[in-house]
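Knowing the structure of chain V, use the given hints to seat chain B on it.
Okay, here's what each chain looks like letter by letter:
2 protein chains.
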Amino acid sequence: MQYKLAFIGFGNVARSLAKLLVRKQDVLKSKHDVTFLFTGISTGSHGFAVNPNGLDIQKALELVESKQSISSLSKVEVKNSLDVINNSEADVMFENSPVNTQTGQPALDHIRTALNLGMHAITANKGPVVHGYRELTALAKSKGRTFRHESTVLGGAPVFSVMREAFPLADLISFKGIFNATTNVILSRMENGEAYEDAVKYAQSIGLAETDPTNDVDGWDAAIKVAALVTVLWDTPMTPQQVNPTGIRGITSEMISKAKAENKRYKLVCSAEKIGDKVQASVSPQLVDSTSPLYGMMNSSTGITFRTDVILDYSITLSEKPGMQGGPEETAYGLFADFVNLVK
Amino acid sequence: MQYKLAFIGFGNVARSLAKLLVRKQDVLKSKHDVTFLFTGISTGSHGFAVNPNGLDIQKALELVESKQSISSLSKVEVKNSLDVINNSEADVMFENSPVNTQTGQPALDHIRTALNLGMHAITANKGPVVHGYRELTALAKSKGRTFRHESTVLGGAPVFSVMREAFPLADLISFKGIFNATTNVILSRMENGEAYEDAVKYAQSIGLAETDPTNDVDGWDAAIKVAALVTVLWDTPMTPQQVNPTGIRGITSEMISKAKAENKRYKLVCSAEKIGDKVQASVSPQLVDSTSPLYGMMNSSTGITFRTDVILDYSITLSEKPGMQGGPEETAYGLFADFVNLVK
Chain V
1 MQYKLAFIGF GNVARSLAKL LVRKQDVLKS KHDVTFLFTG ISTGSHGFAV
51 NPNGLDIQKA LELVESKQSI SSLSKVEVKN SLDVINNSEA DVMFENSPVN
101 TQTGQPALDH IRTALNLGMH AITANKGPVV HGYRELTALA KSKGRTFRHE
151 STVLGGAPVF SVMREAFPLA DLISFKGIFN ATTNVILSRM ENGEAYEDAV
201 KYAQSIGLAE TDPTNDVDGW DAAIKVAALV TVLWDTPMTP QQVNPTGIRG
251 ITSEMISKAK AENKRYKLVC SAEKIGDKVQ ASVSPQLVDS TSPLYGMMNS
301 STGITFRTDV ILDYSITLSE KPGMQGGPEE TAYGLFADFV NLVK
Chain B
1 MQYKLAFIGF GNVARSLAKL LVRKQDVLKS KHDVTFLFTG ISTGSHGFAV
51 NPNGLDIQKA LELVESKQSI SSLSKVEVKN SLDVINNSEA DVMFENSPVN
101 TQTGQPALDH IRTALNLGMH AITANKGPVV HGYRELTALA KSKGRTFRHE
151 STVLGGAPVF SVMREAFPLA DLISFKGIFN ATTNVILSRM ENGEAYEDAV
201 KYAQSIGLAE TDPTNDVDGW DAAIKVAALV TVLWDTPMTP QQVNPTGIRG
251 ITSEMISKAK AENKRYKLVC SAEKIGDKVQ ASVSPQLVDS TSPLYGMMNS
301 STGITFRTDV ILDYSITLSE KPGMQGGPEE TAYGLFADFV NLVK
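Just so you know, the sequences run in chain order V and B. Residue 337 in my numbering sits at position 337 of the first sequence; the count goes up by one each step and never skips. Residue 338 in my numbering sits at position 338 of the second sequence; the count goes up by one each step and never skips.
Hints are supplied without guarantee of correctness; some may be wrong.
To be verified - Listed below are the simulated BS3-like cross-link pairs for lysine-lysine, each with C-alpha atoms no more than 27 Å apart in a straight line:
(1) 278/V / 31/B
(2) 264/V / 321/B
(3) 141/V / 278/V
Claimed, not checked - Stretch-level coverage of chain B by chain V, calculated; a stretch enters the list once three of its residues show a Cβ under 8 Å from a Cβ in chain V:
(4) 18-30
(5) 164-176
(6) 287-295
(7) 299-311
(8) 330-338
The hints are simulated quantities; they were obtained by calculation from the structure and are not laboratory data. Idealized CB from N, CA, C, for every residue including glycine.
Chain V on its own, in the form it takes in the complex:
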């Protein structure tokens, strides 16, 4: 079967996804008899394009990567993301617009629109998960479609699909993990004697931290990931504000040296536990010792330990990638995996 695809957001992750789809097109065809066309693209600052008969994806990639507009490729007049969704005739919409942790917009509206038009919706955006999971899941179900979001927590490393497919009928008791790579890099470098400010600058220099590192160092990125996991895995709505994170600004070099002398480490620990009908969640710097699965996660490594009623402590770790920035290619795979699992 042929699938028409709309891309809302065409940054690093979305472009990596487009390239991955092209790279895997032969195996998609041979293993699952799936082919695809790119019928709509909405970029942040390089225009919009729709062609229900298929856009030239190589041309679109070239234009955006040389900072030119893709509007010339369009066969339909489209002026914004909703126009693209409405005119793309897509079967699947990939939502990769910038994250808004406060409201989940405009991603929420993109996904609502796509589902209402009978498209599957797949996102790497944490906003609509924490601000609309129940609504979007119910809407998708009512339309016989699916809303998926594998790439929202550990980059594109499988987490949601593992709990969904590999842990059937297990009761999740708690989870604990390291979800924010930037703060983990900063704490790792401080352990090697670097000052906080220099470690932040390093994280910015490799493209991991943003110019304003607040979202990472104050724990908000970690908190929205905790909220997304709690919202989905326990079907219990939670916002980052409810997680109320404590970041790493209070951790001094002296504290890290003292911990090191005791074979301990500060980590920005994300955790949640179901107690009765309630979920208690937190993000805060904690001392961990070498018996913890989190102790060995250094630099840009991230990971999570699940405790269930059937398998006690099961950990997933995404290791740091020597010589790689990590990031877009792996996040793109999570979106790709969601797509394959929908259409296979």
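Just chain B, lined up with the frame of chain V:
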């Protein structure tokens, strides 16, 4: 739908599975509309029982756990495992007879018989995986049934289902892991100064190592798990003999002390890599340093790191269970998960 279940082998793992099925029967019914009957049981030394209308499982458990025969429960005259399979009218056969690493028998014949009768076959037994994966998978397919074996590698912790369901169309490049808990306990205790012989005795005292520890310490248990992973994940038949393991008998306390002084550890490392059309696999003691995901796996912890073309290094760790023997309950969950994934 109601499923009739046959249990071939009724040791710790199979009995834990029976109890888990009973514990989860309400959620199986409410979430998947699945009910079940136990219609056949074959034990190693407590007889055989078949009743196509359902055996009293509590009674069967009580009898076996008080070392009495279950034959009195049978409504059909059955004298061996094949009789049980043939007369059980089962929809699903759980194969948990003792492992035979050399031939895979008698598990192979049990599974062939069950599949030929139109049953699904689920096993925790590594023998039929390394000695019959292609044949059994093809036979299952020809009958519209499925052969599953989640519990063969990391106890019941999801590994095969993660690669199958959560890594669609990923190319596996290599894996590396610690698969044998007994040797990991021995090496961990030697690092704390215990002599090899005392560490072996400890592993035996907690029920982890057998009276003759050869299968563990010479690497054969690890090798058959490597062979099972290679056979399934790359669809490339491999036997433990081809893995040709080196065990831990050559690792002295002196070597471990020297490694410790350099912040390194000996681990019985299991690895395999695809190079062109060939797979190179090995089991041998190796020095690992603290940058390795294997370094932190102490005592009875086991785990695996997968390297794929889409997600670089993705690790799964099953942590040691303080105050628990580990083992049968978790292994039982792997069988249960295979069952739920077949019938949901």
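Each hint tested on the structure:
1. 278/V / 31/B: holds, 22 Å
2. 264/V / 321/B: Within the cut-off at roughly 21 Å; holds.
3. 141/V / 278/V: holds, 26 Å
4. 18-30: holds (count 4)
5. 164-176: holds (count 6)
6. 287-295: holds (count 4)
7. 299-311: Answer holds; 4 residues pass the 8 Å Cβ test.
8. 330-338: holds (count 4)
Checked against the numbered hints above, the structure violates none of them.
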